[in-house]
Amino acid sequence: MGELKFFKHLKYVSVCSLLCLISCNKEDNSSEENFTDTSEFVTTNPIALDLVTSVNSFEIKKKDFALFSQQASGTNESDMSAFEQAYGKIRYSDLVMIDSTNTNTLFPLTDDNGVVRSLLVGYYDSEGIIQYLVKEIKEDSGVEVRIGENERMYYDLSDKNYYYYEIEEGSSNESSGTAKSHTIHSSSSGQACGFVYVNVCGTAFGNDDEPPSGSPDWACSLVYDGFRCWAVGDTTVLDAGDSSGGGGITEDDGDDGWTPVGGGSSSNCSSPRVYDPVSGSCILPCDPGFENDENGNCVKTPCGHLDDLYTDAQYVAKVNQLKGNTGLQQESGFSQNSNGSFTTLQVAPNGHNLYIPSNSTSMIGYVHTHLDDFDKVNSDGTITTNKIYRMFSPADLRTFLNMVRNASANNFPLDKIYATMVSSSGIYTMRFTGDVSSINTTFNPRDDRIIQRFKKLIDRFGRERGFLKFIKDVTNNSGVDLAKINNDGTIDEKELDDQGKLDTNPCEN
Amino acid sequence: MIVVGTSYSCKAQVLFDNSEMPVEQVASYFENENGLPDHITYVKDINNVLNKYVGTWNGSYGNKSYEFRIVKYTTPLVDGFKEDILLMRYKIVNGANVIENTLNIQNEQALIIRGNFLDGNTYNLIYSGRESLCGQHGDIYISISSLGSNKMNFTFFPGRDLIEGSECPTIPDHIMPLDPITLTKQ
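Protein sequence lines, in the order shown, are assigned to chains A and B.
Quick note: the first sequence uses the numbering used here, first residue 1, plus one each step.
Quick note: the second sequence uses the numbering used here, first residue 510, plus one each step.
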């Protein structure tokens, strides 16, 4: 972020005159910030209290953090975890700014290493309700914060200092003439000017041994540092600002990259959609088990679909029935029709395979067994044991892919399509979340060379990683999600990471 | 990486490669969740344990006569991995009627019965017949019979997974013996 580079010669925090800091930045650029848990935070500022209380008690729902409020039907801890994952943890540090008139707060959100990832501003809106805005730091250099109609704060990552500037009408060459200089983001030429203050904090200028914040020996004072003008090219997008009045943090208008956290909404997002800084688009808040698709709508996560499947009474009954069949010498199973009904899979005329009738065009899923090892007795009295690969076979995979493609052709929701294999080594389910047009079923699943590669991959890498590698490397398919339901009822999603290693991701209940 | 090791029970110094695993050790990893050790790239018949299966073996089941020709073969490097296996070609006749003949099939063509693993005295092979998509497939196990080294147990387990009716309006019968038979070395 380069708009304020000219400020970097300043060694001290510059702050808005409306903010009287009780804690200020260190002048030593090399020193690390001292982040502490917010439980150690003591303040009488109602906004900060509200925020800290919320964080400590995980009462995100109560505080209606807009992005995650719809997820509050789950555990508050998970909501908080999602928030922290997106923006960082709210921790008290020297970078926390609270004004003495109790109208504003500014909190840095950090990762576990204390690196500032986002800035969180709390303020009262026009109705006297506390609102929060959060802005993620994406740039390497820093982030700009709007703290008032014409006031901006820049947090510089390189020296961990705030820099303040005001935007005033000046010798701007804006085309509108009368527009304030904070509309410079829409200006194609000209410059913007502002008053620059240097805020000097400490017991003495240049003293690194700062006393605790709030100490009577600790003081900050604003020093006027001139009137500066800068070119449009030095700035990034600033808020257009359409409200009058100066001091205090104004309500977000959604045009400055801020995400409303406390119920505020972006003017670019029609309620109930909220602005998502990660995707840069308006999204619907989603309940647990849902996620946003590319259009910002809520769709079920793979885990969410599995939850649906594994809590379907009919399906569970069929699975439980099949659990008792793995010791047979004949596979058994059921197909499920799009109307929800289950049909027993018949044994093929050869007496061994399971047979899916050719009129099963409305099939949306199947569940079947893979057997335990079983024996035959040779003529010399020795026993030969048939060792079974208790994972979906290449033929199971191809049948599943054909079913997905058929469902797509009949406009049936793909997220309902599944295949389940019940065995004594585990219950596995396949679902499809990929691009139907890229499905490849041209492989012969019973070509001895294909089966050889399948079995070698299972032998070498284990049944889960081996099968996933078979899907990817041998059949050239993607979008097949594999999950295992464990004996305790928990569900693990299985996938390959970028290095081709097995990644097991438990679904949260 | 080549490692030089010394066998104290033998006078000769032996060389072994830690990227190799003897074929007879593979089966012990079947219950290992992660499969074989990552560094194994060649399952090799270091101790020539597969040699006893090599040759021509004949037998019968019902009205069918069977001839199996077994050779030892090193697979090409596929997925960064190669293996010493047995390949089994076969001819099945019913009187003068030739039901199937794969004796002249090339090594990497379909319809050859391909070795998979050795478990003790028993060797597993992958069988996919001409109508495999419609059920002619399964596992074959061979083992030298306790009745003599020129006798071999032959056991076929038909495959049991899904057949799609849309692809198989008719289901062919199995041509492999559905019960264990004994083969005789020629």
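Derived by calculation from the structure, the hints in this document are not laboratory data.
Treat each hint with caution, since some may be false.
Taking lysine to aspartate or glutamate and the EDC-like style, the derived pairs with C-alpha atoms no more than 16 Å apart in a straight line are [claimed, not checked]:
no.	chain 1	residue 1	chain 2	residue 2
1	B	K694	B	D588
2	A	K469	B	E576
3	A	K472	B	E576
Calculated from the model, a selection of chain B residues having no Cβ within reach of chain A, i.e. all distances over 10 Å [claimed, not checked]:
no.	residue
4	N541
5	I549
6	N556
7	K561
8	N606
9	T631
10	I680
Cβ coordinates follow ideal geometry from the N, Cα and C atoms, glycine included.
Out of the numbered hints, which ones does the structure contradict?
Per hint list: 1, 2, 3, 4, 5, 9, 10 violated.
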